[in-house]
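Asker: Each chain is listed here by its residues.
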Amino acid sequence: MTSGAAISVRGLTKRYGDRVVVDDVSLEIVTGGVYGLLGPNGAGKTTIVRMLSTIVKPTSGSATVNGFDVVAQPRQVRESVGVLPEDTGLYDRLNPVETLRFYGGMQGLGGAALDGRIEELLRLLDLYERRKDRVATFSRGMRQKLALARALIHDPPILLLDEPTLGLDVMSTRAIRDYAKEMARRGKTVLLNTNNMYEAQLLCDRLTIISNGTVRASGTVGDLEEIAKTKGLEEVFINLVRSDRGLES
Amino acid sequence: MVSRARAIRLIVSKELLDMVRDRRTMLTALVLPLLAFPLLFGVMGYLSNPTANPSPVFVVDLDGGGTYSTMLTNDLQETSGLSLSVVTSGNATAQVQGGSYDVGMVIPAGFSSTIGEGGQVNLTLYYEQTNGRALQGVSIMDGVIASISQQVSSSRLSALGVTDAELNPIGVVASQVGKSESASLLITADLFPSFLLYFTFLGAFYFMVDDVAGEKERRSLEALFTLPPTRATVFLGKYAVAFILAMVTTLLGLVGTVFSLGELHFGGSGAISLPPVLYLEVVALIAPAALSMCALGFCVSTFAKNTREAQQYLSPLFLVFFLPLYFTFSLPASQLSQYAPIPIVGFTLLIRDVVLGTATLGEVGAVVAVNLAFLAVLVWIGLRLLSSEKVILRSG
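As you go down the protein sequences, you meet chains U and A in turn.
Per our numbering, numbering through the first sequence is continuous, rising by one, with the last residue being 249.
Per our numbering, numbering through the second sequence is continuous, rising by one, with the last residue being 396.
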C-alpha cells in the first residue's frame, strides 16, 4: 500500500475500441477526507469509479484501492469500497431490511451484527420507519439514502460516490452531503464524482478537474484558483475545460 | 469473507423472495402448469371420448316400423358414440343446420319392403363438414349401415347358393408386430414430452427474461458486481434459481398429468394409467434438459440490453418444443433414435420412448451426453458474456 494513499492511480487509461474514455489519469488520494472528481458530463468520471470498483478493467495503467490492485486483487478491493453508483439500482420488490440483509450477507456479514448494523444505518438515514415498505414505494431521495446505506453496510474504509445528489430535493441533498462529511470526519476516504460546483466547494478537501478523460488540474480550491488565475471554482472550472468544450475565445 | 456456497444461497433466497412477490412469474411458474395439463387432457379427453360426448343424430323414420328400419335404428341406438332421436316426421336438414343435431338421416317410406324385395335404397346423411364430432358420428353410422347392408347381402347370396368365400376370394388380416399399445397411450407419448418441456421452459421464462437483462434495466447489475463474490458465483446463483423454477413447474405439470390422464379415451380406447416410477424417470430426464434450457436463457438474458429484448429473443424458442412433434407423428419409432443427438428433439423422443417403455440405455446415454456437451458450451458462453464489459454495460 502506498504510504498514506487510500487510492493511488498511475497512468490509468480506458479505451472502448478507438474511443479513449479515460486517458493517462494519475491521482493520489490520501486516507481520510473528501476528494472530488469534478468534470462535465462524459468527462470519464464514472469510468474511473467503475475501474476503481473493479466493474471494468483498465486498458493500461494501474490503480490500487486501500493498497489492493484493482486487476490482481479485485475481491479485496470490493471488500474495501462502498459504491454508490449514479443509478441506485435497487430491487423494487424488496424492503430496506431485506435489501441490506442481502448486500450485507454478500459482504460476509451475518447474524446479530448485521441486524444491528442495518438498524443503525436505517435510523441514521431516517429510513427506519419505512423499513418494512417495499422500495417500489420510495421517493428518489429515499432510494438514494437506501443506496448509501447499502454502500456503507460493511463499514468500508473507502466510499465511491458517483453524482450522489443528482436530481434530489434539498432535504435529501443535505442529508447525503452531511453523511459524506460525517464519514470523512470518522477517517474514511470519500471519492466524490460531481459536476456541481457548490457541492464540490462545500465538501471536498482536494479536487481533480477532469475533462475529455484527461486531468486538467489537481489540488485544493486555492491551488486550482492559482493554476487557472481566476477566483471561484466555477470560473476555474470554465477556464480549465473551455478548450475541450469549444469555448476558447 | 463470504463463501461461494453462502453467496449462492443468498442470491437464491433474494431472487426467490423477489419472484414470490411477482404475480406474473408466480402465475406462469406455478398456477399455469398445475392447470394446463388437466385442462388440456381433460378437454381433449372429453371431446375424444364418444361415450362421454356422443354425437346427437336426428332420424326421421318414414318407413313406419318396417323390419329393416327397426333393425337399423336399434343398431344405431346400441352403438356407442351416438345419441339417437327417432321421429316419424320432421326436417332433418333444418335440425342439423340449426345446430341441434350433428347428423340428420331420413329413412324413406318403403325402405324395408324395397330391401326385402331385393332392391336398393340410398340413405343420405346430412352433416356440417366443419363439425369434428359430426364427422365422427357419420363414420360410426357408416359402419353400422355397412354392417347391416353386409348382413342383407350375405343372406341374399346365401339364398342364391353363393358362399362368402366365392364372393370375397382375398381377405385381409392386419397384424401388428412389436408392442401393442392403446391409441390413448400412443397419442399421450407423442404429445406429453413436447408439452412438458414447453412448461419446463415456461416456468423459468419470466425469471430468465428478467434475470440479467432486468438487472441491467434497473441498473442493479453494477451494484451487484461491486460485491466480493465473483461473476461466476453470481452466474451460479441466478442459474440455480432458473433451474429450481423450471423443475418446480415440471413437477406441477406432472401432478396435473397424473390427475388428467385418466380422462383420456382417444379413439374409444380405454383410459391410461402410467406407473409412478415412470414419472420419476421423466423427472430425472427433464433435469438435464432444464439445465440446458436455463443456461440458454441465461446467455440470452445476459446478452440482451433490456427485458424487452430478452423476451423478443427467448419467445421464439417456444416453437422449438413443438418441432419434435413432426418427428414423432411422421416417423416410425425405429427411425427416431438417429435424431436423438439433436438438442430438445432428443429429449422429446427419449421421454416418448420412456412413456412407451421402449427406451434403451444407449439412447439415454446418447441424449444425455449430447445435452451435457451442449450445456458445457452454453455455460462457457454465459460466463464469457458476464465477463464482457461491452455486454454488461450494454443497456437501454
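Hints were generated in silico from the structure; no laboratory data involved.
Hints may be right or wrong, so weigh each one.
[As the list claims (entries may be wrong)] Across the chosen pairs, the derived CB separations fall in these ranges:
{"hint": "1", "chain 1": "A", "residue 1": "Leu372", "chain 2": "U", "residue 2": "Val170", "range": "58 to 68 Å"}
{"hint": "2", "chain 1": "A", "residue 1": "Ala373", "chain 2": "U", "residue 2": "Gly42", "range": "38 to 48 Å"}
{"hint": "3", "chain 1": "A", "residue 1": "Val255", "chain 2": "U", "residue 2": "Ala72", "range": "30 to 40 Å"}
{"hint": "4", "chain 1": "A", "residue 1": "Ala373", "chain 2": "U", "residue 2": "Met171", "range": "53 to 63 Å"}
Cβ coordinates follow ideal geometry from the N, Cα and C atoms, glycine included.
Asker: Would you mind marking each hint as holding or not holding in the structure?
Answerer: Cross-check of the supplied hints:
1. Remark: the range hint 58 to 68 Å for Leu372/A to Val170/U is upheld by a beta-carbon distance near 59 Å.
2. Checking the proposed 38 to 48 Å range against Ala373/A and Gly42/U shows it holds: the Cβ atoms sit about 45 Å from each other.
3. Against the hinted window of 30 to 40 Å, the Cβ-Cβ separation of Val255/A and Ala72/U comes to about 52 Å, which falls outside the hint.
4. Remark: the range hint 53 to 63 Å for Ala373/A to Met171/U is upheld by a beta-carbon distance near 59 Å.
Checked against the numbered hints given earlier, the structure breaks only hint 3 and satisfies all the rest.
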